[in-house]
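Participant: Residue numbers (this note's numbering), protein chains in the order written: chain A, 1 to 394; chain B, 1 to 238; chain C, 1 to 291.
Hints are computed from structural coordinates only; laboratory data are not their basis. The beta carbon of each residue, even a glycine, is placed where N, CA and C say it ideally should be. Errors might be hidden in some of the hints.
Some chain A residues judged to face chain B by a derived CB distance under 7 Å, without partners named [as the list claims (entries may be wrong)]:
| no. | residue |
| --- | --- |
| 1 | M1 |
| 2 | A8 |
| 3 | G12 |
| 4 | L127 |
| 5 | G298 |
| 6 | A374 |
| 7 | A386 |
Quick look at which bits of chain B chain A covers, simulated, 3 or more residues with Cβ under 8 Å [as the list claims (entries may be wrong)]:
| no. | stretch |
| --- | --- |
| 8 | 49-56 |
| 9 | 69-76 |
| 10 | 138-148 |
Distance ranges between label pairs, derived from CB positions [claimed, not checked]:
| no. | chain 1 | residue 1 | chain 2 | residue 2 | range |
| --- | --- | --- | --- | --- | --- |
| 11 | A | R332 | C | F219 | 37 to 45 Å |
| 12 | B | G19 | A | S382 | 45 to 53 Å |
| 13 | C | A76 | A | D209 | 36 to 44 Å |
| 14 | A | R332 | C | P246 | 30 to 38 Å |
| 15 | C | G241 | A | E244 | 20 to 28 Å |
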Amino acid sequence: MLGRLVAAALLGHRARTILAVAGVAVSAALLLDMVMLSTGMSVSFRSLLLARGFQLRVAPKGTLPFDTEATIADATATIAALRESPDIDAVSPVLGGNIHVPGANGTATSAVALGLDPRYQGDYEILAGRDPGEGEIVANDALLAAIGRGVGDTLTIAGGYDPQLRRFAGVRRVTIAGRARFLYLSRGQRAAAMPTASLQALGGASRRDRASLMMIRARPGADVETVRAWIARRLPRVTAISTETALAQVEERLSYFRQLAFILGSVSLVVGVLLVGTLVTVSVNERIGEFAVLRAIGVAKRTITAQIMIEGATLMLVGSLLGLLLGLVTARYLNAILSSFPGLPQAIDFFLFQPRSAWTALGLLAIAGVLAGAWPAWRGASLPVARTLREEAA
Amino acid sequence: MSEPLLRLEHVERRYHMGGEDVRAVRGVSLSIDAGEHLAIVGPSGCGKSTLLNLLGAIDRPDAGRVLLDGRDVSALSDREATELRLRRIGFVFQRFHLLAALSARENVELPMSEAGLGKRERAERARELLSYVGLAGRERHRPPQLSGGEQQRVAIARALANRPALVLADEPTGELDARTGAEVAALFQRLNDDGTTLVIVTHDEELAAAAKRVVHMRDGLVVRDERGVAPAAAARGR
Amino acid sequence: MWNPHRIRFISDGTMRLTILVPLALAAVAPLAAARAQQPRTIAIDARLAADARLHVGDVVVLAAQPGEAGDTVRIAAITRPNADPSEIAHQEYRVRVHLDQLQSLTAYGDRVHRFAVQSRGGATTGSAVAAIDAAAFGFLAHRSRDVAVETSATFAVVSRFHRAIGVITVVASAIFLLCILLLKVDERRKDVAALRLSGISRATVVKSIVIEASMVALFGTLFGAALGWLATAIVNAHYQGVYRTPLRFALITPRTITFALVLSVVLGVAAGALAALRLARAHPLALLGRR
Numbered sequence: 001m002l003g004r005l006v007a008a009a010l011l012g013h014r015a016r017t018i019l020a021v022a023g024v025a026v027s028a029a030l031l032l033d034m035v036m037l038s039t040g041m042s043v044s045f046r047s048l049l050l051a052r053g054f055q056l057r058v059a060p061k062g063t064l065p066f067d068t069e070a071t072i073a074d075a076t077a078t079i080a081a082l083r084e085s086p087d088i089d090a091v092s093p094v095l096g097g098n099i100h101v102p103g104a105n106g107t108a109t110s111a112v113a114l115g116l117d118p119r120y121q122g123d124y125e126i127l128a129g130r131d132p133g134e135g136e137i138v139a140n141d142a143l144l145a146a147i148g149r150g151v152g153d154t155l156t157i158a159g160g161y162d163p164q165l166r167r168f169a170g171v172r173r174v175t176i177a178g179r180a181r182f183l184y185l186s187r188g189q190r191a192a193a194m195p196t197a198s199l200q201a202l203g204g205a206s207r208r209d210r211a212s213l214m215m216i217r218a219r220p221g222a223d224v225e226t227v228r229a230w231i232a233r234r235l236p237r238v239t240a241i242s243t244e245t246a247l248a249q250v251e252e253r254l255s256y257f258r259q260l261a262f263i264l265g266s267v268s269l270v271v272g273v274l275l276v277g278t279l280v281t282v283s284v285n286e287r288i289g290e291f292a293v294l295r296a297i298g299v300a301k302r303t304i305t306a307q308i309m310i311e312g313a314t315l316m317l318v319g320s321l322l323g324l325l326l327g328l329v330t331a332r333y334l335n336a337i338l339s340s341f342p343g344l345p346q347a348i349d350f351f352l353f354q355p356r357s358a359w360t361a362l363g364l365l366a367i368a369g370v371l372a373g374a375w376p377a378w379r380g381a382s383l384p385v386a387r388t389l390r391e392e393a394a
Numbered sequence: 001m002s003e004p005l006l007r008l009e010h011v012e013r014r015y016h017m018g019g020e021d022v023r024a025v026r027g028v029s030l031s032i033d034a035g036e037h038l039a040i041v042g043p044s045g046c047g048k049s050t051l052l053n054l055l056g057a058i059d060r061p062d063a064g065r066v067l068l069d070g071r072d073v074s075a076l077s078d079r080e081a082t083e084l085r086l087r088r089i090g091f092v093f094q095r096f097h098l099l100a101a102l103s104a105r106e107n108v109e110l111p112m113s114e115a116g117l118g119k120r121e122r123a124e125r126a127r128e129l130l131s132y133v134g135l136a137g138r139e140r141h142r143p144p145q146l147s148g149g150e151q152q153r154v155a156i157a158r159a160l161a162n163r164p165a166l167v168l169a170d171e172p173t174g175e176l177d178a179r180t181g182a183e184v185a186a187l188f189q190r191l192n193d194d195g196t197t198l199v200i201v202t203h204d205e206e207l208a209a210a211a212k213r214v215v216h217m218r219d220g221l222v223v224r225d226e227r228g229v230a231p232a233a234a235a236r237g238r
Numbered sequence: 001m002w003n004p005h006r007i008r009f010i011s012d013g014t015m016r017l018t019i020l021v022p023l024a025l026a027a028v029a030p031l032a033a034a035r036a037q038q039p040r041t042i043a044i045d046a047r048l049a050a051d052a053r054l055h056v057g058d059v060v061v062l063a064a065q066p067g068e069a070g071d072t073v074r075i076a077a078i079t080r081p082n083a084d085p086s087e088i089a090h091q092e093y094r095v096r097v098h099l100d101q102l103q104s105l106t107a108y109g110d111r112v113h114r115f116a117v118q119s120r121g122g123a124t125t126g127s128a129v130a131a132i133d134a135a136a137f138g139f140l141a142h143r144s145r146d147v148a149v150e151t152s153a154t155f156a157v158v159s160r161f162h163r164a165i166g167v168i169t170v171v172a173s174a175i176f177l178l179c180i181l182l183l184k185v186d187e188r189r190k191d192v193a194a195l196r197l198s199g200i201s202r203a204t205v206v207k208s209i210v211i212e213a214s215m216v217a218l219f220g221t222l223f224g225a226a227l228g229w230l231a232t233a234i235v236n237a238h239y240q241g242v243y244r245t246p247l248r249f250a251l252i253t254p255r256t257i258t259f260a261l262v263l264s265v266v267l268g269v270a271a272g273a274l275a276a277l278r279l280a281r282a283h284p285l286a287l288l289g290r291r
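Hey, can you work out the whole structure from these sequences and the hints?
Facilitator: Structure representation (structure tokens):
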């Protein structure tokens, strides 16, 4: 019977109900998006950093990985020193640079190049083919499309361009061993990877025995912070950055989005609550005569309160579920906008759907909405019956 | 002598209205036995409806006691008073006050649902009651699809839903034309003949004339209490 | 592009800060500038001045690496950071040093990262770019405009994101407004019934309700604009403090207010008319619940 009364009340004012549900849906969608935005970046960035199991990054002293063009000198000695630690499981050196693929009419296609140890690398995932060996490279789709080549093809690459002399330090023929997705590069950025020695050779003297970054995987069970401290003591000319530090730095740079998410999330929560609160209040005011009659014929206060609160909760529930769908669609759209940030790794999502936080957000909205309806509901059920009947009859 | 079903002892009820204290009911004492058919008559504003509200435990006296089955209704908590109204008292209002969104049968089922009756049981009783008030076959109609007289019959069926000891009606024919009013009056008569105790507040001469006892009120006081009066005399007595 | 060289900044022998210096920002001075007895001058930004408690006239030591002797210099000026969106995420301190001194400190030789060239304006810029590219061996000239587009790419993305969020909030507030106005008009059903029963025409009833709804929307928007102005002031004060920049993060312009006013009044009129027509069509007694 309660269900019938609720349905009757909601369907009795169709336009109002539709608008309320739409309002709650948009509020819920915005709230969901903001929750996704507030947690998405850090979760996504953390999983990206830990994707290949490397918990530490070693960069030239005072720099962040690939934040500058600085490199670590004496890479071989540095790797050997790092391997002295029993807590270090793997060291993956990475050298960054640019390569050029000469085309027709003197033009060249340039691309980011990573020199690494394919056995331990954590920068790319092979989509087709295999890791590069000596005289081989793997390339991403953007580069393959730009040069019109595929896996198995042979091509000439050049590196170490000197603008003063308009000359390359190294040129060689390589075979494309595989097609790969580069985890830390932005969408559309052309990239290739090859063994470190190959890229060092292409770069000439200035790149000899150098690395831009070393990724460190700690032995299972080892304390990462202890390893970081050991590196800081052992190698004073480098900076070891843990995942937590890297995350903190990224979060500091993007704190604006977290604050925006908090403000807009709060606003949408308030709007949703205000909407349902207003609606329930008006609905109660319109029906105080009806409630007085129900009370007169023996319907308990709690039944009436429950009826009104279920009305509010239904609006909230239906609105929130629609909001969930709407939120996911808008999050995709907003994520596509923010993913075009220059230099942002393609694998990073600003809006990341996590069921737990989504349900928490929508649950919060639903509870807040139900509570917003609680006061008018209790007031409506607690009106003095005799006086209300007399005033309503007037 | 057996205990009356309902007893009022020096009942007072005051309101604060427009900056003034109004004594709507002034020290009224009254006894109503089970099975009685009583009409309360008097000019507008004389305190009839206030007295009915006090009898029905939807209002509390400022002084005095209202006893139903020997139990002081005015001392009950809100929850107990609600329970009492649900199970022991049936209400019929001047403007029917049915829920427009529910069918006739659902309106009658409402108090039974609140009292915790099973779905099948209440549907069966609702059908019986609607048939009793002459609305068999109209169970699925919603109030806007029924005439005023029919709506009042549904309201009477609703009042009878939980087999109350007492039915209270406030101007039950006030919104009806003469012919429909007479039909409703006949229904009330039949109710009383079948053993229901009835207390009706009315301006309707015919309805008052049908009662076996007429209580006359003026300025919050019971000025005359007539038993076994002729209908015409009752009407004139107003 | 930031120069990787680091300069050790030593103040009073106690304050030690590692800072990054953009070479391009170093003030250009004649290479053969005479090194007088007086220490040479530098300019530091207000953030560094505040954090290191430095003032104009203070004498400090600039060094490229820890432990190096470095040069003693005098702070001649404290500069304000630029109101540049592309710089807000950069928290580095900025020091402007005479070019030859920086080259010497960093052992950079007679090299610079780039030259800023001022053309005679208009069409001469294009020919200047072409002439530099063709004539100067190993150089590439870029228009400032193109460089600006590239450096403001981040800001353009944020701007697009703001626009998208703006659309969502406008839709949400439009629905909220419609809902509130419908409820407000619905509350007037008894008044409408009384007006209709006393012989007031449907048209007059509709007109009065529409005017009332528009007034509510109008005054609500004006109140909202005042609230928005306050929120803008708070947002600017907060983020200018966080990023230590004179950049204004939120702007309330006549265009924004006009847009909000037009939108809410249009919605007010629409909601008012919709609800009023519905009420006016109903029988007055039905509005009173007596039919």
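Participant: Does each hint fit the structure? Answer for all of them.
Facilitator: Hints, verified against the model:
A least Cβ separation of about 4 Å between M1 (chain A) and chain B falls short of the 7 Å threshold, and the interface hint therefore holds. A cut of 7 Å between beta carbons decides the hint on A8 (chain A): the least distance to chain B is about 3 Å, and the hint holds. At a threshold of 7 Å, the smallest CB-CB gap from G12 (chain A) to chain B is about 6 Å, leaving the interface hint in force. Here the hint on L127 (chain A) is broken, as its CB sits about 61 Å from the closest CB of chain B, past 7 Å.
At a threshold of 7 Å, the smallest CB-CB gap from G298 (chain A) to chain B is about 3 Å, leaving the interface hint in force. Of the supplied interface hints, the one on A374 (chain A) is violated, with its beta-carbon coming no nearer than about 18 Å to a beta-carbon of chain B, more than 7 Å. Hint status for A386 (chain A): holds, given a least beta-carbon distance of 4 Å to chain B, under 7 Å. Against chain A, the stretch 49-56 of chain B contributes 4 residues with a C-beta closer than 8 Å to a partner C-beta. That satisfies the three-residue criterion, and the hint holds.
Using a Cβ-Cβ cut-off of 8 Å, 0 residues of the stretch 69-76 of chain B lie near chain A, which falls short of the minimum of three, so the contact claim is violated. Counting residues of the stretch 138-148 of chain B whose beta-carbon sits less than 8 Å from any beta-carbon of chain A gives 0, not enough to reach three: the coverage restraint is violated. Taking the beta carbon of each, R332 (chain A) and F219 (chain C) are about 38 Å apart, inside 37 to 45 Å as hinted. In this structure the hint that G19 (chain B) and S382 (chain A) lie 45 to 53 Å apart at CB is violated, the actual value being about 25 Å.
Checked against the hint of 36 to 44 Å, the pair A76 (chain C) and D209 (chain A) passes, with Cβ atoms roughly 43 Å apart. In this structure the supplied range 30 to 38 Å holds for R332 (chain A) paired with P246 (chain C), their Cβ-Cβ distance being about 36 Å. Distance hint check for G241 (chain C) and E244 (chain A): the Cβ-Cβ separation is about 26 Å, which falls inside the suggested range of 20 to 28 Å.
Hints 4, 6, 9, 10, 12 from the earlier list are contradicted by this structure; the remaining hints agree with it.
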